[in-house]
Amino acid sequence: MDVFNEHPLKKRRGRLLWMIAGAVVCLLVLFAGAAYYVDSQLQPTALSDTVKTVTIPSGSSVPQIAAILKQAGLIRNETLFTYYARFEGSGNKLQAGTYQFHPGQTIDQLLTAMANGDTYVETVKFTIPEGWNTEQIARSLEEKGIVKKQDFLREVNEGKFPEYPFVADIPQKEGRKYRLEGYLFPETYEFKKGATAHEVVAKLLGQFEKELKPEWLDTLNKRKLSLDDAVNLASIVEREVVSDRERPIVAGVFFNRMRESWLLQSCATVQFVLGKQRDRITLDDLKIDSPYNTYIHPGLPPGPIANPGRASLAAVVNPAVHDYFFFVTKKDGSSEHYFSKTYQEHLARDAKSRGNF
1 MDVFNEHPLK KRRGRLLWMI AGAVVCLLVL FAGAAYYVDS QLQPTALSDT VKTVTIPSGS
61 SVPQIAAILK QAGLIRNETL FTYYARFEGS GNKLQAGTYQ FHPGQTIDQL LTAMANGDTY
121 VETVKFTIPE GWNTEQIARS LEEKGIVKKQ DFLREVNEGK FPEYPFVADI PQKEGRKYRL
181 EGYLFPETYE FKKGATAHEV VAKLLGQFEK ELKPEWLDTL NKRKLSLDDA VNLASIVERE
241 VVSDRERPIV AGVFFNRMRE SWLLQSCATV QFVLGKQRDR ITLDDLKIDS PYNTYIHPGL
301 PPGPIANPGR ASLAAVVNPA VHDYFFFVTK KDGSSEHYFS KTYQEHLARD AKSRGNF
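Oh and the sequence shown: position 28 is 28 in the numbering used here, straight run, nothing missing.
Each hint should be verified, as a subset may be incorrect.
Said to hold, decoys possible - So the derived label-pair ranges between C-beta atoms look like this: (1) N116 <-> Q64: 33 to 41 Å; (2) T79 <-> G104: 34 to 42 Å; (3) S334 <-> Q172: 35 to 43 Å.
Claimed, not checked - Calculated cross-link-like contacts (lysine-lysine; reagent style DSBU-like; alpha-carbon spacing at most 30 Å): (4) K287 <-> K276; (5) K148 <-> K93; (6) K224 <-> K193; (7) K287 <-> K203.
Just so you know, these hints were derived from the structure itself, not from any lab.
It should be emphasised that the depicted structure is a prediction, and the values quoted were computed from it without experimental measurement.
Yeah, the Cβ is synthetic: ideal placement off N, Cα and C, and Gly gets one too.
Hey, can you work out the whole structure from these sequences and the hints?
In structure tokens, the structure reads:
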């Protein structure tokens with residue numbers, strides 16, 4: 001009897017094993033499908049250059065944050081985002097605020113930004129043209145609603161900037177109008193809306209420091225020329241010249257005149273005294289008694305007359321070597337100059353220039 005009953009028992013065991021195997025396969029398939037689904041729902045949304053600005057109100061729960069992100073098209077699944085944030089440990093670290101995200105950022109990137117509070121701050125672009133003086137900058141800053149003119153000017157003269165050692169080396173010469181004139185580097189900036197005057201000035205000084213090449217400072221030291229004197233002369237070159245090609249030549253003219261203890265006789269310094277640009281300067285203008293008037297006071301003025309750009313600074317560091325002592329505008333529309341070695345030659349070229357005009 002046992003012999004005859006053994007075969008049906010084996011068959012039943014076989015069917016049971018197949019059923020178990022089938023159930024295991026089904027579970028594996030279900031698990032794989034679920035894992036695939038979860039993974040796909042946690043993937044970034046389609047990459048896009050479109051910026052999405054979202055605001056997370058104070059006190060928002062993770063599900064509420066997930067709903068905001070889903071509505072903005074930044075995540076695929078609210079529920080899975082919520083579980084992932086809690087599992088990953090950042091669920092209770094997410095901060096309120098306004099953020100800017102791009103579709104295509106990963107969930108980890110979104111969570112990290114919100115956990116760090118990397119909120120979006122509205123900014124304002126501001127360009128300082130080469131050769132602008134401090135008052136022009138202050139006026140434009142106020143017109144654009146960035147900072148008040150008087151706050152900026154006060155910071156320029158009284159602000160403390162220990163992070164920039166060159167500021168401490170600026171000499172406080174008698175008659176100097178603005179302490180940081182010349183060091184407010186001309187460039188395009190982006191300021192946070194609501195920035196303080198101190199923050200604005202610090203950013204301009206920071207850019208000036210970036211522009212200072214170590215080899216420039218080495219050259220100035222070898223020539224025994226202080227940084228402030230270099231900036232001062234560069235500001236005059238900036239206001240005298242339009243063509244970058246001519247800047248080293250004009251710088252060379254001024255160095256030649258200083259070497260011979262001649263007056264610089266720069267019309268740009270007189271324009272600074274007048275406080276506005278004039279097409280013509282009169283003989284009376286040349287006689288104005290101001291320490292900035294290089295027609296009557298020897299050497300450099302008490303401080304820079306504008307904020308020079310890269311080309312003018314480079315021209316003073318590496319001026320052209322020549323025998324010119326004079327230059328005069330051609331007045332032929334080219335904005336370039338005639339250069340002369342002698343006063344007689346200069347008078348002849350000045351007459352020629354006036355003929356062109």
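Going through the hints against the structure:
no. : hint                      : result
1   : N116 <-> Q64: 33 to 41 Å  : violated (20 Å)
2   : T79 <-> G104: 34 to 42 Å  : violated (21 Å)
3   : S334 <-> Q172: 35 to 43 Å : holds (40 Å)
4   : K287 <-> K276             : holds (17 Å)
5   : K148 <-> K93              : violated (37 Å)
6   : K224 <-> K193             : violated (42 Å)
7   : K287 <-> K203             : violated (38 Å)
Comparing the model with each numbered hint stated earlier shows that hints 1, 2, 5, 6, 7 do not hold.
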